[in-house]
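Visitor: Each chain is listed here by its residues.
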Amino acid sequence: MSATATITMSALPSKSTIKLAPAQSHAEASSSQAQNQPPKSQKQMTKAERREQQERQRAAKAATKAAGPQPSGSNQNSAQVKKGAPPAASTSASVKKGGKGPDGKPTKDTKETTSDDSARGLRIFSHFGLPKPPGPSKGDIHPAIIRLGLQFSEFKIVGANARCIATLTAFKTVIQDYVTPPNNTLSRHLLTHLSPQITHLVSARPMSVTMGNAIRELKLEISGSDIDLPEQDAKNLLCQKIDDYISERITIADQVIQETAGTKIKDGDVILTYARSSVVEQVLVGAWDDGKQFSVVVVDSRPMLEGKKLLSVLCAMGIPCTYLLLPSIGSVITEVSTVLVGAHSLHSNGAVFSRAGTALVAMMAKQHSVPVVVCCETYKFAETIQLDSFTKNELAPAGDIFSSFPLTRSKDTLTLNKQLNLEILNPLYDLTPPSSITAVVTEVGVIPPSSISSIPLALGRTTL
Amino acid sequence: MPGLATTEANTSASAFPVVSFDICETYASFLKNEELSPPLAAILALSKLIETSDAGTMLELVKALNDGAGALKASTSNPISLNAGCELFIAFVTLLPHDSASFSDLKLELVRQGQKYAAEALTYRDKIASLALGFIKDDSVILTHSYSRVVMKTLLRAHERKRISVYVTEARPRGLGLRTYEELTAAGIPCTVVLDSAVSYVMDKVDFVLVGSEAVVESGGLINAVGSNQIAIIAQAANIPFYALAESYKFHRLFPLSQYDLPTHTSNILSFPLSSGGNVTSPPTAGGIKPLHEKSTNAGCIRQMTPEQIACNPGVDYTRPDLITLVFSDVGSLTPEGVSQYVVGMFAG
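Protein chains in written order, with the numbering used here: chain H, 1 to 464; chain V, 1001 to 1349.
By construction, these hints were calculated from the structure, which means they are not laboratory data. It is possible that part of the hints are untrue.
What the hints assert, rightly or not - The list that follows gives simulated cross-link-like pairs (lysine to any residue, SDA-like), each with its CA atoms no further than 25 Å apart:
no., chain 1, residue 1, chain 2, residue 2
1, H, Lys266, V, Asn1268
2, H, Lys266, V, Ala1311
3, V, Lys1073, H, Glu259
4, H, Lys266, H, Asn236
5, V, Lys1127, V, Ser1333
6, H, Lys219, H, Lys266
7, V, Lys1073, H, Gly445
8, H, Lys366, V, Arg1253
9, H, Lys266, V, Ser1333
10, H, Lys366, V, Asp1322
11, H, Lys266, V, Lys1127
Let's have the full structure, built from the sequences with the hints guiding it.
Guide: Pasting the structure below:
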């Protein structure tokens, strides 16, 4: 045994120092050979001994290589702690670093920590990405699109309908200013011209389902435009189509929804709504104008506090309103006769994707047997199926950019900033399961959520 | 001159008592036929209206039809199934492709189609009976509610080949369950009348529940005589299947959000009496036995509700789609979700 021990011991230096001093190793080997026979010739070692040797060499390798970048690794660890990553993350990261070390990329890791702390911190929702201010625009971006991107990223334009209409209006300007380059057709080149514009908008803020559907329709119209048409006529036709789309699928649809949902509001009702939906606002205002006597409970939530806008509109009309924040909804839900909410998008399985907090309102209402009515135009339908809120969502930017709090305290004291052990997470949307929804009011009628997938077939459309 | 007179009379057809054509009377006369249910009678009455109408354009005709339908709705307190028939017919009229030579030809065609539909619809009950037959096993114990012609047909058809026994609820206040009892016993089917309040008592002995319908609504839910909702809830709690039989002309575009969202729900229903005796006669105090308005079978005092008290109660109720297992119809056996898809497809286009 001692013989083997000395063999292995001498074998180690020979392996590790092979690059440095071959002559030395030879000398050592020969000396060991002089002593005992088989240091190099592993064939002569038994299997177990060989395995032992291999294990030891592997361990030694790991030890030496960990020992190498170890000093820099510990530096990184302390740097991370200072920058506020949770302790668990740092220990796992350091283990990873130890393992990563041999790959030779410790410097890259330090760069990562310095650039974007928040992305590291949000471990479960890091796939959402954080809103960043739109970077320098690559390529020829139309100033209308740049302005729109800025408005989106600063949340000056919010709401699925508003964003879609703003996008389409901006695209009308882009189309009118567009000039087909020679040797090209409008129907083909305009699409390539629009792509970077769309990318710019997406980089400012992820596209809503409404924008996606509208842009898809627009692209269909463009690719179908007649080649023989003179350019200005083709452009006018496209703008006309855009106007028709807005009018037919948004404006008029909203009016039909207003009438249909208005029939569900009776005298003496207490209607509960959440945050601000442009359609619900129209429904309530329309019903009040028709002379129905009802009262409204507006439920709101931070950080966006959109309900305040709705509240001001309703109060200006003279509708009796109550305003409260989401956590207090349990105390009023028993007084409510109907819940009316809007939607960002509607999915094929009947789930409603809407402002974060809507799911809570719907589930609470269902629990108390209050009917939940979702007002949604058909162009908001997404053909995907969504089962939960976190596969696809969007984060609100940190900081209190939305609120119009009465400024008794400065805005800085109100915003919650990232600290050592604190990460702020503000998803903008959540998913209401179809079981919590009683009815969906669209411009084609009142339908139960389970029948949503049959609407396009009924309308004779192949797509929504 | 007589033609002119009738024209004038017809243009004011929106008012009730009209010399030449009264839609409510026509409707009532059609209803006298036992086989016709309210929606079919409404369709036939509206076809008659077209026949005698003097409208010159499609727009006028549709307006006349809508006026007629409005008159019919106003004449009865439970217009739901009637509505279903009217809507179906008016939708049919507006969607029919106008390829006839002249307008009068088109009217004739419409009338013909209306009558043909009504004749065909009378076969629907047989279709539904054959469809439901597959779900009735030998030696089944069936619970049914009140009186329904479709259910009668199905039970009689089943009795031809299999052994069935039937519990039927009394279905107060109209007591139509007793009529079911009489007809079934006359056919030789063992039948027992069950109190409305004893449904949960009997539910564990039952294999499945079979009810008819006044209307099937867009949510996939059912509108039927009051008591159906209770039976459905108890059946679901006991894991007993609940089957509804409905002809396709009873599918309606209504979407009630709750019991109180039904058109039959008035402010009178379930209202509390005013102390000044405005609503109901004196509240029961001091053992005041109200004069018995219906025959009491026992010597001991059985109290009965007064007509005013009965008037505070609903006649129909709404059963939610999640409580219904299957709806058997002439278009096939549908789940409640399937019903809503069918209704959406039928009316949304």
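Visitor: Compare the structure with each hint and give your call.
Guide: Against the structure, the hints come out as follows:
1. A hinted pair counts as satisfied when its Cα atoms are at most 25 Å apart, and H:Lys266 with V:Asn1268 qualifies at roughly 16 Å.
2. Distance check on the hinted pair: H:Lys266 and V:Ala1311 sit about 23 Å apart at the alpha-carbon level, within 25 Å; holds.
3. Restraint check for V:Lys1073 and H:Glu259: the C-alpha separation of about 21 Å stays at or below 25 Å, so the hint holds.
4. Distance restraint check for H:Lys266 and H:Asn236: the Cα-Cα separation of roughly 45 Å exceeds the 25 Å cut-off, and the hinted pair is therefore not satisfied.
5. Using a Cα cut-off of 25 Å, the hinted pair V:Lys1127 and V:Ser1333 holds, with the two alpha carbons roughly 11 Å apart.
6. Our distance criterion of 25 Å between C-alpha atoms is broken by H:Lys219 and H:Lys266, whose separation comes to about 43 Å.
7. Proposed proximity of V:Lys1073 and H:Gly445 is supported: the alpha carbons are some 22 Å apart, at most 25 Å.
8. About 23 Å separates the Cα atoms of H:Lys366 and V:Arg1253, which keeps this hinted pair within 25 Å; it holds.
9. A threshold of 25 Å between alpha carbons decides the hint, and for H:Lys266 with V:Ser1333 the separation of about 36 Å lies outside it, so the pair is violated.
10. Only pairs whose Cα atoms come within 25 Å are accepted, and H:Lys366 paired with V:Asp1322 is accepted, the gap being roughly 14 Å.
11. At most 25 Å may separate the alpha-carbon atoms for a hinted pair to count; H:Lys266 and V:Lys1127 exceed this at roughly 41 Å.
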